[in-house]
Amino acid sequence: MAPLSPEIAVASGWHRQAYRRVLVGYAFILPWVIGFLLFKAYPIGASFYISLHQWDLLKPPIYVEFENYVRLSRDPLFWTSLLNTLYYALCVPLRLVLALALAMLLNRSWPGINAARALLYLPSATPVAVIAVVWTLMYHPTFGAVNTIFGYAAIRGPKWIASPEWAMPALIFMSLWYVGPMMVIFLAGLKGIPSVLYEAAAIDGASAWNQFKNITLPVVSPVILLNLVMDIILAFQVFASIYIMTGGGPMNRTLVLALYIYQHAFVWLNMGYASALAWGLFLLTFGLTLAQMRVSKRWVFYQ
Amino acid sequence: MGVLSMNGSAPKTLTLGHVTGWGRDLLLLTFLVSAVLIFVLPFIFMLSTALKLPAQLYKVPLEWIPNPPAWHNFVEGWTIRPFSRFATNTLTIAMVAILGDVLSSALVGFGFARLQFPGRDALFYVLLATAMIPIQATIIPVFLIYNGLGWINTFLPLTVPAYFAVRPMYVFLFRQFMLTIPQEYEEAARIDGASPLQVFLRVFLPLSKPAVATVALFSFVYHWNDFFEPLIYLNSLEKKTLVLGLTMLQGQYDEFWHLLMSVAVIIALPCVIVFLLGMRHFVQGVTLTGLKG
Numbered sequence: 012m013a014p015l016s017p018e019i020a021v022a023s024g025w026h027r028q029a030y031r032r033v034l035v036g037y038a039f040i041l042p043w044v045i046g047f048l049l050f051k052a053y054p055i056g057a058s059f060y061i062s063l064h065q066w067d068l069l070k071p072p073i074y075v076e077f078e079n080y081v082r083l084s085r086d087p088l089f090w091t092s093l094l095n096t097l098y099y100a101l102c103v104p105l106r107l108v109l110a111l112a113l114a115m116l117l118n119r120s121w122p123g124i125n126a127a128r129a130l131l132y133l134p135s136a137t138p139v140a141v142i143a144v145v146w147t148l149m150y151h152p153t154f155g156a157v158n159t160i161f162g163y164a165a166i167r168g169p170k171w172i173a174s175p176e177w178a179m180p181a182l183i184f185m186s187l188w189y190v191g192p193m194m195v196i197f198l199a200g201l202k203g204i205p206s207v208l209y210e211a212a213a214i215d216g217a218s219a220w221n222q223f224k225n226i227t228l229p230v231v232s233p234v235i236l237l238n239l240v241m242d243i244i245l246a247f248q249v250f251a252s253i254y255i256m257t258g259g260g261p262m263n264r265t266l267v268l269a270l271y272i273y274q275h276a277f278v279w280l281n282m283g284y285a286s287a288l289a290w291g292l293f294l295l296t297f298g299l300t301l302a303q304m305r306v307s308k309r310w311v312f313y314q
Numbered sequence: 002m003g004v005l006s007m008n009g010s011a012p013k014t015l016t017l018g019h020v021t022g023w024g025r026d027l028l029l030l031t032f033l034v035s036a037v038l039i040f041v042l043p044f045i046f047m048l049s050t051a052l053k054l055p056a057q058l059y060k061v062p063l064e065w066i067p068n069p070p071a072w073h074n075f076v077e078g079w080t081i082r083p084f085s086r087f088a089t090n091t092l093t094i095a096m097v098a099i100l101g102d103v104l105s106s107a108l109v110g111f112g113f114a115r116l117q118f119p120g121r122d123a124l125f126y127v128l129l130a131t132a133m134i135p136i137q138a139t140i141i142p143v144f145l146i147y148n149g150l151g152w153i154n155t156f157l158p159l160t161v162p163a164y165f166a167v168r169p170m171y172v173f174l175f176r177q178f179m180l181t182i183p184q185e186y187e188e189a190a191r192i193d194g195a196s197p198l199q200v201f202l203r204v205f206l207p208l209s210k211p212a213v214a215t216v217a218l219f220s221f222v223y224h225w226n227d228f229f230e231p232l233i234y235l236n237s238l239e240k241k242t243l244v245l246g247l248t249m250l251q252g253q254y255d256e257f258w259h260l261l262m263s264v265a266v267i268i269a270l271p272c273v274i275v276f277l278l279g280m281r282h283f284v285q286g287v288t289l290t291g292l293k294g
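One line per chain: the protein sequences are S and P, in this order. Be aware that the first sequence starts at 12, since it is given in the working numbering, and climbs by one per residue. Be aware that the second sequence starts at 2, since it is given in the working numbering, and climbs by one per residue.
Note that these hints are calculated values from the structure, not bench results. Honestly, I wouldn't trust all of these hints.
[Claimed, not checked] Here are the simulated distance ranges between beta carbons:
hint, chain 1, residue 1, chain 2, residue 2, range
1, P, GLU185, S, GLY258, 40 to 48 Å
2, P, ALA123, S, SER206, 27 to 35 Å
3, S, ILE73, P, GLY120, 34 to 42 Å
[What the hints assert, rightly or not] So, partial list: chain P residues that the calculated Cβ filter (under 8 Å) puts toward chain S:
hint, residue
4, LEU124
5, TRP225
6, GLN251
Everything numeric in this text was worked out from a predicted model, so none of it was measured. Idealized CB from N, CA, C, for every residue including glycine.
Isolated chain P (complex conformation) (with noise of 0.2 Å):
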């Protein structure tokens, strides 16, 4: 008994052991899948009170399918604040940041795979190390120059440092995706006469679109999800981005979760979204960042 696995779900790959039977498969699948319903669950729960009317919020005990479902919520929710305006701000941001951090990750890469001169593995160890220092240990002196600047409430503290390779992480993730790409490419490009600008923007670039999708997403998901830097430097209500118009909300409105919820699902869509599409890009990204790491 138990050695013809008839259901097909026999184990290829073995971690906890030895197969002794659809038994032990049964267990660990019970395991899974209580998992992954524990892990569904808030996101049923934010579902579910996002379609309720105010008079289901209080109910006990909760109803976890409300019943009509209200649908204008959604609506409602994202009327009884500027929130198109703050999805405009978040895409304005979002998209000149995503370029910066492309471009300038992709440059500097290439710079540490590609091209040899004295001290670049020192610096690319610097590089990494800087992934180590707290946000919180630089902020002040960061915010003060952009006081000085006059940039306070404006965009420009969340976009402009994206154009300086400030995450290690995206540099990182180009550089090793550089150095799989065979010499032979650069090669032919260098006989052909071709400067090294020209050999990263012909061969390099159109080569590491991989890549490329790579960092676009992680830096989508983080200029979306970002919170305390829009906190510090985006004061006026136009000014505002989702999350912090989402924030706005939760203090102000206490018996108007169901509205809350509803943002709450309409600004995780994106990500969600955006997630579930690049999901191969998103497990390469992270497996490359923490195995090579």
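In isolation and in its complexed conformation, chain S is listed as follows (with noise of 0.2 Å):
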């Protein structure tokens, strides 16, 4: 055989390497290529087939169409368990607002900061078990410590979380006391706001809440972005406190979607229907998530 000329020996050197280089590339990242699509991609996938079956894990399943689908849209349960998932996302506004002001005390250097910053998110560091039910205790009607401090100010307290008035309303409460984590993120995002800024407006004389409106907002409002999705996400997930404190009662005040979904799917062996119900949240996260996206470049100020 001829030798190579040296150009199309250059030239295949470099398409070695350049085949080299992707099979490197793919190796590395193939732990997560097979853990997306066995844990996420085929899932997603499969869960819509199963829900086209009516199956009990016991019997082989049958095919049903579209059934489970037209059940949910007629299943109570499932309508007020999606109205309680969006009451319960009430929540997050209410964490924003409470995150961003804790920020914005923490954002000086007073002695002693640094340890108003770890308590303020120890809640936050602590297992979501051992917050439900410390709160289920705190939550009693006549010696849990709400009812007690509210007993200090001669008003008598609700019975909370047993209570299907205000058992939606308290569990809300409960979530503002872990908001750790969005105000450690909006703590570093108001650190990047150089003060030569608010210095120069109080020498022009603005006020602290223009300050606030026309500083403040403006930058930190890619930072709430991320943290109204991430956390609407996280609401519509929300299980182990509402299966710990109240198992969506009374009266079904508290049954969320992720919590239906999981009764269906693992007490009564309803994979067909619990899958058509994972595909709404599903959905419904998505479109949520989506719509947000959008909503936000009227909102969301980039530098």
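The two chains are supplied separately, each in an independent frame; assemble them into the complex guided by the hints.
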């Protein structure tokens, strides 16, 4: 065989190198590729396929077309759980406001400020099961800490998580206790604002509110968007605290979608119907995230 | 008045506006101290209940400082259920899973940060997008896979996925960190004839110690706290984790709140200690994912 001309040798060497590069690159990310296919892509597809069946794991699945989705649209408990999930998601704006307010309080160099930061973050480092059992007792109508404190002000507090009206507000209030990660993210965002901006504004006679509105808010608006998107996704998945504290009660007033999916899938073994519900949750999350991204273009300020 | 802040508490960074005097500082300080007190209160309540005798539990008005403190509650609570067993289970799962989380995320993070191959950036967006998929949307088929493999009621469903970089945040942390490592380190190793794997193992992994610490901390807290997956995959008593054991105690012993709280204190303690020791890493990790995500 004739020896290769220099150009071809270089070219094929280059091709081999490029080929190698691709191989090496994919070899490194292979664990994730497998994980993605196995634990994300396949299950999303498979759960749609399962949702077209009636299946209790004991007998073979029966193909029922879209019957589970028809059933879902007529299932009052599905609508209850959907509304309850949206109700619970009201905690997100409250959490955002509190986290930003705390971050602003913490954004100064007072002595002991690090201790304050640590203490305000601490609940977020606490296991959710621990939070749930502690707050179950906190909310006890007679000897819980919350009503004891109300008692000091001579107010007779409600039965909180044992009351149909107050159970969801109680869960929302509790969720304000662990805003740590959000607070830390805001704090980092605030630290990026040069103090010169505020000093200049103050010299121009801008009020504290105007400074907040015209300097702080625009600068942290991308951080608000990020926290908003991530926290809504988390709020839609809320499970452990409600499972432990109320089990969805009283009178289904705290039955959220994640809990309802769990019951159908793992308590009653309705795999088909649970998959239809899971798809509903997936579409809801996906749709809301996209909607927020769209709307955000109007209020998020990018430098 | 107020121009000279004698107490040394004048803020260097201003957020609420111009300093108008110590009056404003005092107001802000009051807010801050009240916030801290409110946030600490549930912990105090938990600890105080954990140290009560059954007779003191139902006293109205509530006693904030139990006298005498019933320290033996911790022993009694811990032994009322096989909590030592649960602790061993939790630690086993956590250790195996942390190793997987760190290794796989570092490897994948290196691939995304330092290697060039077609489709890399698109795939990275896919990785970030998977953070938005609710766990309930994928749990049923995943459960069925484990069921088919006979893995239900074993630790495998809780540990094996960690080896496949399933938590996008960890990969993201490693990628961001490795992007900051200067090119020269890599080139020096390449000139010495090191393969990409050697570059990763000998150069990037040792230089990424802060990222390793951050991911290991997050992973520990995640697996120590995880409730949903152990609930689904572990059903026999001897396989349960600490948080599952804790909630088992809740339903059955309504009159044993003091023991429940004493166990809650013990379970929360490792997380609190890990957080306080690694606070810097936590804050860096949260900030990095938050601001550059």
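For this session: Can you let me know if the beta-carbon spacing of GLU185 of chain P and GLY258 of chain S is within 40 to 48 Å?
Result: This hint is violated: roughly 59 Å between Cβ atoms.
Problem set entry | Hint check, TRP225 of chain P versus chain S [nearest Cβ-Cβ separation less than 8 Å] | Result: holds, 6 Å to nearest chain S Cβ.
Problem set entry | ILE73 of chain S paired with GLY120 of chain P, Cβ distance criterion 34 to 42 Å | holds, 40 Å
Exercise. Between ALA123 of chain P and SER206 of chain S, does the beta-carbon spacing fit 27 to 35 Å?
Worked result: violated, 41 Å
For this session: For the hint on GLN251 of chain P, just tell me whether its beta-carbon gets within less than 8 Å of chain S.
Result: holds, 6 Å
Problem set entry | Cut-off 8 Å, beta-carbon criterion: hint that LEU124 of chain P touches chain S | holds, 7 Å
Hint check: violations occur at hints 1, 2; the rest are consistent with the structure.
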